[in-house]
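What follows is each chain in one-letter form.
2 protein chains.
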Amino acid sequence: MHSIQHQQLDCGLCVITESIPGSKTAALNWGVRGGVATNKHDGDSTLLAELVLRGANGMSSKKHNDALESLGIRKQVSCGIEFFRVTSVMLGSHLTQGIPLLGAYLLNPELPEEGLEPCKSLCLQSILSIDDNPSHKASVALNKHHFKKPFGRSSYGEAKEIASATIERVRDVHAKSFVPENSILTIAGDVRHDEVVETVSTLVQSWTGVNASVVSGETPGRGVHWIEQDSSQVHISFAIDGPSAQEKDVLSEAVAISVFGGATSGRLFTQVRQRRSLCYSVSAQFAPSKERSVIRIHAGTTPERAKETIEVCLEQLSILQNGITQDEFARTIQRMKSRTVMHGESTTARASSLWSDQYALGKTRSLADKMREIDGISLENVNNWLKNRDYGKLTLVYVGPSDLNLPTNILHV
Amino acid sequence: MHSIQHQQLDCGLCVITESIPGSKTAALNWGVRGGVATNKHDGDSTLLAELVLRGANGMSSKKHNDALESLGIRKQVSCGIEFFRVTSVMLGSHLTQGIPLLGAYLLNPELPEEGLEPCKSLCLQSILSIDDNPSHKASVALNKHHFKKPFGRSSYGEAKEIASATIERVRDVHAKSFVPENSILTIAGDVRHDEVVETVSTLVQSWTGVNASVVSGETPGRGVHWIEQDSSQVHISFAIDGPSAQEKDVLSEAVAISVFGGATSGRLFTQVRQRRSLCYSVSAQFAPSKERSVIRIHAGTTPERAKETIEVCLEQLSILQNGITQDEFARTIQRMKSRTVMHGESTTARASSLWSDQYALGKTRSLADKMREIDGISLENVNNWLKNRDYGKLTLVYVGPSDLNLPTNILHV
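If you read the sequences in order, they're chains A and B. Quick note: the first sequence uses my numbering, first residue 2, plus one each step. Quick note: the second sequence uses my numbering, first residue 2, plus one each step.
Check the hints yourself; a few may be wrong.
Same chains, same names: a pair is fine if it fits in one copy or spans any two.
[Stated by the list, open to error] Lysine-lysine pairs mimicking DSSO-like chemistry, simulated, CA-CA at most 30 Å apart:
| # | residue 1 | residue 2 |
| --- | --- | --- |
| 1 | LYS64 | LYS371 |
| 2 | LYS291 | LYS150 |
| 3 | LYS145 | LYS41 |
| 4 | LYS308 | LYS138 |
| 5 | LYS63 | LYS371 |
| 6 | LYS364 | LYS25 |
| 7 | LYS338 | LYS64 |
| 8 | LYS291 | LYS145 |
| 9 | LYS63 | LYS388 |
| 10 | LYS308 | LYS63 |
| 11 | LYS76 | LYS145 |
| 12 | LYS25 | LYS76 |
| 13 | LYS41 | LYS25 |
| 14 | LYS161 | LYS308 |
| 15 | LYS338 | LYS63 |
| 16 | LYS25 | LYS371 |
| 17 | LYS64 | LYS388 |
| 18 | LYS161 | LYS388 |
| 19 | LYS371 | LYS388 |
What the hints contain is simulated information worked out from the structure, not anything from laboratory work.
Starting from the given sequences, assemble the full structure and let the hints guide the process.
Structure representation (structure tokens):
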């Protein structure tokens, strides 16, 4: 039913399409390896995510934007840690016109000098806004304390680097990082592969370049970090290393963490929220990736209940190693299958999934492939994995009004 | 291509299905008129949104939840201002089993006495969490100052009412408000109408009751309200009355507000963010409804820029009355058409749209109907509407560290 096609262009760009019969929309996901982790000055790519909006292909910002709008194209430009992306949804009938307009953000932005100061101002305001969102603040700090430099950076960039940026520096980052090597373009929905390849080939005729390698540093100290803020609640975030997307046990981990932290049914929800009323929201997610797979636990609670919340989360994490039950396994498999079908009906979800697969695995998976993988896993697989699972060194960040004076060995699960 | 069917059951419940060929999922939206605005004690329905999760149809909370999970059913129970809803997505093949399990939240919850205190604790924690989200705090206060009582309430409920609730009181609210009159059930996607009607008819055999009327009070004073908080940014929210969903000019207003406040292309975005760098985020949305249609403007900025941000928003609102251009009109129409097609591919969006239409208009619209309406509007319609548009009395709430000392007539647009 679904048909996925790949084309590696000479310049290095990988083009992937999936035609979904019956769909009238097409979702697009185009990334270059130019996120903040690739920056010498942390935040230059954050600035670029603003600056590329200020004109491209010889058009003013207004003209470029109006051209996209007049085709009814939704789009977003976002700077991530490793990649810099353009994502979009449009009617499939507009792809041939839309692709060059969207590609212009990456390939041919004007990067006008007079745009730099306004963009700096917006980026600095965005950094300030983190202070008014303490749970988000905890997440940003969690990455910093958990991942090796420079992969623990946040996509907001560093204020002092942003303030010091010059137009030459930012243009240079664009020229050197926004290159076809490692670049992936996926389109899912109402799409004809040959037309896309033809349109893109014309577009990238003179696009060349390879990525500079990013040297990663040592693993940081991890452990417990308190960020003092006069907030009403205590915002708690844990990070735990997980298996890489390429490892065979990644699906066992996904099943286990779904049992552990699923939003309205997991063990954390039952034990922390429903049984003990410790907090309004608690959940855990597994984010498998190529090199920085991680399980994150988030909870928000009152200062009085914060310590117990942390203890119960860790206790449940420890109990998880004893394995999950047949019932838990069966329900989770059913849930994963339903989710797979649901995602299959969204062109946006499919474009994103193709992108992540190609990046992390070097190949893509159809819905049928994913269903087969889920069918192939057994309770025994999951429980064997959990029995031998080493959580490694954990990171805990909490934002709140007072030091919880946690025992130094609290993270030894 | 799409086929919408209606069935008014004898008890008063209105059942609507839309079969979407090719879809394998079914989204469900079931509401009863039992939101917080219908409560004598503001927050009893908030408590019910927790308490109905603690067992139903004679099953324990765990057994009920496991039954839903084992079918891979996603679900959410939410208390709104006027309605109390269960929303869900599942595989269409599970509808016949899923509907009775989901309906149990509304029709046959256990409401156990021992669940009351834990639910109170969770609801009170949820109220506390508003303090750590100042932009949300501004939105909650905006409704309070803009709408007639009791429709300006928030779905969080009032802490003192929640603290004083007894199990008898909450059970009584359930018995009297969760009734078939005014109740609407919509299902879109892989659905067979006759099967649904049969399943639901059996379920509601002994469901009876009519809603008590809700008497609304006077329009509040509106105007400017400052909420002091030691936040990093100033969080600004405006509310402006809009035409009701039933009025013929509702689409003219939708076009105008899209031109005014569209997320990455509207006049506010261009004038406030891109041209003046006044704030990182600014947008306006029109939420048409049956009786409380409203345009909301949201912006977050630094204390130094807050006053100018407010002034520019109001200035743009005033300029809007001079009309929009042919270009703006054409782009917006194209955008609305694209969005309509995009929503048509999501069973969740369709179930929600059917629900809102039935509630606000007393009838539903297919995608083709919506396209025809968009095709039927002209630039002249929009500009005539704007010329005679009376914004009425506005409300402005801002949360921030200091009083902006705004002139008393600032809201006279």
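Which of the numbered hints are not met once you compare them with the structure shown?
Violated: hints 13, 18.
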